[in-house]
Structures are given as C-alpha cells and as structure tokens.
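Which chain is which? The protein sequence lines are A and B, in order. Heads up: the first sequence begins at 1 in my numbering, then just goes up one per residue. Heads up: the second sequence begins at 1001 in my numbering, then just goes up one per residue.
Treat the hints loosely; a few may be bogus.
Claimed, not checked - Below, a list of computed lysine-lysine pairs in the DSS-like style, where the Cα atoms sit at most 25 Å apart: (1) 1076(B) with 196(A); (2) 153(A) with 163(A); (3) 294(A) with 1139(B); (4) 1163(B) with 1139(B); (5) 185(A) with 137(A); (6) 163(A) with 76(A); (7) 1185(B) with 1158(B); (8) 294(A) with 1158(B); (9) 196(A) with 158(A); (10) 185(A) with 1294(B); (11) 130(A) with 196(A); (12) 158(A) with 137(A); (13) 1158(B) with 1137(B); (14) 294(A) with 1163(B); (15) 139(A) with 158(A).
Unchecked claim - Listing some non-contacts, in silico: residues in chain B with all C-beta distances to chain A over 10 Å: (16) 1013; (17) 1108; (18) 1135; (19) 1253; (20) 1257; (21) 1301.
Unchecked claim - Computed spacing ranges between beta-carbons, pair by pair: (22) 1294(B) with 172(A): 42 to 50 Å; (23) 276(A) with 1152(B): 39 to 47 Å; (24) 97(A) with 1288(B): 52 to 60 Å.
It is worth saying that the hints were derived from the structure and are not from the lab. Even for Gly, the Cβ is constructed at its ideal location relative to N, Cα and C.
Protein chains: 2
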Amino acid sequence: MGIVVVGTVAFDTVETPFGREENVLGGSATYFSTSASFFTDVSLVAVVGEDFPQEHVTFLQSRNIDTTGLQRIPGKTFHWSGRYGYDLNEAETLDTQLNVLMDFQPELPESYRDSEYLFLANIDPDLQMKVLEQVEKPKLVACDTMNFWISSKPEALKKVLQKVDIVVINEGEARQFTGEANLVKAARQIIALGCKRLVVKRGEYGVLMFTADSVFAAPAYPLEEVFDPTGAGDTFAGGFMGYLANTGDLSEEGLRQAIVFGSVMASFNVEDFSLNRMKRLQYKEIQTRFASFKALTSFRDISF
Amino acid sequence: MGIVVVGTVAFDTVETPFGREENVLGGSATYFSTSASFFTDVSLVAVVGEDFPQEHVTFLQSRNIDTTGLQRIPGKTFHWSGRYGYDLNEAETLDTQLNVLMDFQPELPESYRDSEYLFLANIDPDLQMKVLEQVEKPKLVACDTMNFWISSKPEALKKVLQKVDIVVINEGEARQFTGEANLVKAARQIIALGCKRLVVKRGEYGVLMFTADSVFAAPAYPLEEVFDPTGAGDTFAGGFMGYLANTGDLSEEGLRQAIVFGSVMASFNVEDFSLNRMKRLQYKEIQTRFASFKALTSFRDISF
Chain A
1 MGIVVVGTVA FDTVETPFGR EENVLGGSAT YFSTSASFFT DVSLVAVVGE
51 DFPQEHVTFL QSRNIDTTGL QRIPGKTFHW SGRYGYDLNE AETLDTQLNV
101 LMDFQPELPE SYRDSEYLFL ANIDPDLQMK VLEQVEKPKL VACDTMNFWI
151 SSKPEALKKV LQKVDIVVIN EGEARQFTGE ANLVKAARQI IALGCKRLVV
201 KRGEYGVLMF TADSVFAAPA YPLEEVFDPT GAGDTFAGGF MGYLANTGDL
251 SEEGLRQAIV FGSVMASFNV EDFSLNRMKR LQYKEIQTRF ASFKALTSFR
301 DISF
Chain B
1001 MGIVVVGTVA FDTVETPFGR EENVLGGSAT YFSTSASFFT DVSLVAVVGE
1051 DFPQEHVTFL QSRNIDTTGL QRIPGKTFHW SGRYGYDLNE AETLDTQLNV
1101 LMDFQPELPE SYRDSEYLFL ANIDPDLQMK VLEQVEKPKL VACDTMNFWI
1151 SSKPEALKKV LQKVDIVVIN EGEARQFTGE ANLVKAARQI IALGCKRLVV
1201 KRGEYGVLMF TADSVFAAPA YPLEEVFDPT GAGDTFAGGF MGYLANTGDL
1251 SEEGLRQAIV FGSVMASFNV EDFSLNRMKR LQYKEIQTRF ASFKALTSFR
1301 DISF
C-alpha cells in the first residue's frame, strides 16, 4: 500500500486575529503527508531551496515519510503569505514567491512508481499530468487544484480530471470551474468530465462527496478554538487518502468513513499554527474524535 | 397537543434569478403553520389588512389551521420585497411596508391559551413577551428573531430568550447578538442567558442544534433546483415544532429527528415560489425525503 503525494513544501507567513507566525513550515505536500502518515506509509515528491532547514526534513522523516523524492535545488524555497479575518473562512493571499517552484520538474524515484495510491496536490496541471505519466497502475488517484489554474489553464486541468478517480476541490472553485451557481449541478458537470467522485470542501461547513448517483454530507467538527485554517484542506485529503490506503476499502461505506477521518484530521490541524497540532497529535485522539463525529451526526431512523 | 404560532401573515414580492412574483402569500406565521400542519393541529395569531383575500384564509383553513386568532383590521397587509442573487443565500430587502403590523397587539383567543406548544416567530420582542404572558403552562416554547431586533431592542430580546426553551436563529444573527465570531462560543453564550437549546440555521449549510453539553449537525438537503429560499427558516421551524408536538418526545433523540423533519420541510419549500410547493406536498414525499436524509448522512461506526 502506501501513498505518493506530489505537491509543495513551503514556508508560510500567516496572520490571524490570534497571532502571526513567520516562515513556518507549510505547503500542500507537507500537510497532506503528515496527516496521511497517521494511517499509512507516505512518499513525498516536492522541491525546496537551499534555505530549507534540515530540521523540517527530520520532522517529516520522524513521521516515517519517505523523502527520497524531495528535491533540493539552488534558490529559495516557495513562500506564501496570507491573512485571515475573524470569520477564518477565506485566506487573503498577501504575497506568493514561487522561487524554486518555478523550475520544479516532479520526478518520481524508481521506488515510488508502483505505488497504489497517488495524490496530486495543488500544482500546475501540466506537472500533475507529468506525474500521472510516471506511475504504473495505481489503484486510486485523487487530485486537488485551485482558482489560479482554473482560470489560467482550464484545458490542461480538464485533461487531468479525466485521468483521476477522485477530484477534491473547494466549493467556490467547483462553481468557478463550471460557471454553475448550484453546487449539485456543478458537481454533476465535473463528474461528467470523467472522474468517478467529487469531494467538495466547504471549510467550516464540512464536506460533500458526490458520485453520479449519490451524495454524502459530513459536517466540520464544531470547535471553540480555531487558530489557523492554513492547510486544513490538505490535512483533510491526507486523512481521507491515508485511511483508504490503510484499509484498501474503496466501497461507498469505506469512502464515507475516509471522509470522516479526513474531517477529523482537519479539525485537529486548525487548532494551532502551522503543523504544531499535528506534531503533538496522538492516534488515540483521532479515535476519540471519530466517535465524536458519530455522536455529532447521528439520529434515529424511522420506519414508516 | 397542537401548536400556537404568533408571527406575520404577509404579501411578498420576491425576485430571484429564476423569476419574479408579486404580492404572493408570505409571512413567518404562514410558512410556519403550513409546514407544521403536516404533523399536528396549528392555531395562528397574526394580523392582516382589509386587502387580504379570503382565498388565502381558505387555504390556511384547508390545511386545518385554526384562524380564530387571525385579526383583520383597517389598513393594508404587511408587505415585504426582497431579491436573491445567484447564490440564493442571503435576501436583500428592497422594501418593507409594515402597514397593519404597526398596530398589531397579539391577542390569544381563549381556546388557544392552554396550548402545550408555542412558537414565537420573528416579531417585536415586546410583543413576543406579551404573548408569553397570555399562555398558561406550555410544555415547550421556541422563538425566532432577526438582526433588526438584535440591534434595536437587545434588552427586550434577552428577556424573551430567558423565558423560552429553544431559540431558533440564523448563524449571522447568533454572531451579531453575542459579538462573538466563533459560532460554538456564541451558542454557549446564548444558552447561558437561560434557554435550554439553540438551533442555528445556516441556510444551504444546514442546521446546528446546541445544548450546554451537546451538538447535533444536520446538513441541508442538496438540491438541483432551488427557486426561492423565502420562508425556508419558518418552514424549518414548522416541521421541527410540528413533529415535536405530534410525538411529544422531547428527548435528545426526539429533538434530533425533529431537526431532520424541519430540514425536510425546508428542502421542499425552496423548490418553488411562495407556498406553491407546500400546497402540492404529500406526506408520502416527506417520508421519502426523511429516508434520503438518513442516506445522505450515515456512515458506518468503528469500534476501536
């Protein structure tokens, strides 16, 4: 089993009403792989610059994440700066310095190529396609994307969506991509492109998972303390894919449980800045919160 | 059993991206009582003007709603005009003509006073209090309110909240009332005022029900066709209270089922303008959609 994830490893500078953290560890592949590592083996493909401290690599390795595919090239590491207001829902991007990401050519190490699970985190769809060409016969491929690629490379993105099993996307991006205000219709349109499932992330409102003929709704866990939503989407995807790789159960039931585990992981991640909460998270806590999700959503059936 | 509802009966002029309807039947008490009438006996207290057509009264009576408490006084009926954009989430109020509502003094007919269930729909909190003084020993009282009363009469509103069992409120209004951005904290603060439960309506994102030590999350039913969200909140409350009055089961389990029935009713109501969908709704459809809610939200438990 095990998962390969291709995405970014980054420095983030994040401002929320509760504080500001400069040059902390971030990036889609970082959040994804850390979250998934609670469930399965993870192999990471990303690029960093000469300024990336060994301490962060050591952390990833301490989570048993294979960093063979982490390229280190001349230049500076990708740096994102963002700010959240009191509603903590939408980040305002203050600055994006692509740096080494501009020259990123994802190369899957030989040992990664027979991996059964692949997650294409949010990067240029042309690069996502190049990664797809390097894997043999994965059992499950999922991808994420963002508004920037939807507007700048919609055709390349469509080609990727046709090749993957599951698309994981924000609510606003599903609407943007299809030009359809109604989310159910937007979901049907994206699925009609060729993927089998669409997972729509709605921030504090949870997640909807669509197939051509079913919908599953999971709420976000209601938290009294939300410090930093950065990485919540990738942490969700990591829990979701990690649990699937762990069980190998790709039935509707298995996928629904995976959605809940993804939601559990995201709910922890937002409780502290950067990956601080993930660093001290225990598996026991994941189990307890899964049970809390059950209590949060369950109601007695009625037979009419 | 049976419910008394005090609120508005109105003419609405509504504009959505799908059309415009002028002077159609609306009002919080209308939506609430029609929805509740699928589950229990309903008695209505409201005021209309001389221009209110008998046809609408006949409709309410055809739903077995007791209109003894529907006052008809000189002047024109309350008229609300609003517009929805493509997201259909928030109405923009274009015009409010209070008309006869300015002189409304709710009077409970003698036959209403021993009612066990009472819903105080969104009206002036001073009037809500006057109604509370006219009932004997209700088993359950719930109330709604709106941003206008939160900013203009916060103290009167607090007094009402202390006297009711359940507060039903929009997400934005819960935040506005408490000045607290975090919804869980806002909910705890409102409950601390004296009510036992808080039901937070989140439009297309569903509902959260809080007590001091529990939360229940129900999604909104994902619909491909949403025509007009007007009255969704009151239709929800009608299904919620109607089911409670029908079963008399005020346990956590009973209340959760009632939340789902409320959500079911709201999901039908938005499928057409005004009360058009309610007028042709069959109880069989309510049962089917309750089952769909179960399918929408259920996932297999895990014993660790």
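These are the hints, each one checked on the structure:
1. 1076(B) with 196(A): violated, 56 Å
2. 153(A) with 163(A): holds, 16 Å
3. 294(A) with 1139(B): Violated: residue 294(A) and residue 1139(B) sit about 30 Å apart, past 25 Å.
4. 1163(B) with 1139(B): Given that 25 Å is the threshold and the Cα spacing comes to 12 Å, the pair holds.
5. 185(A) with 137(A): violated, 31 Å
6. 163(A) with 76(A): Between residue 163(A) and residue 76(A) the Cα gap is close to 32 Å, so the pair fails against 25 Å, i.e. violated.
7. 1185(B) with 1158(B): Answer holds: residue 1185(B) to residue 1158(B) is near 17 Å, not above 25 Å.
8. 294(A) with 1158(B): Measuring from Cα to Cα gives roughly 33 Å; hence the hint is violated.
9. 196(A) with 158(A): With a Cα-Cα distance of about 14 Å, the restraint between residue 196(A) and residue 158(A) holds, given a limit of 25 Å.
10. 185(A) with 1294(B): Within the cut-off at roughly 21 Å; holds.
11. 130(A) with 196(A): holds, 21 Å
12. 158(A) with 137(A): holds, 21 Å
13. 1158(B) with 1137(B): holds, 21 Å
14. 294(A) with 1163(B): violated, 32 Å
15. 139(A) with 158(A): holds, 21 Å
16. 1013: holds, 22 Å
17. 1108: holds, 33 Å
18. 1135: It holds; residue 1135(B) is separated from chain A by about 29 Å at its closest Cβ, greater than 10 Å.
19. 1253: With a cut-off of 10 Å, residue 1253(B) comes too close to chain A, as the shortest Cβ separation is near 5 Å.
20. 1257: Residue 1257(B) is in fact no farther than 10 Å from some Cβ atom of chain A, at 6 Å.
21. 1301: About 5 Å separates residue 1301(B) from the closest Cβ of chain A, which leaves it inside 10 Å; violated.
22. 1294(B) with 172(A): 42 to 50 Å: Once the Cβ atoms are compared, 29 Å apart, the range 42 to 50 Å for residue 172(A) and residue 1294(B) is violated.
23. 276(A) with 1152(B): 39 to 47 Å: Holds, at about 43 Å.
24. 97(A) with 1288(B): 52 to 60 Å: holds, 54 Å
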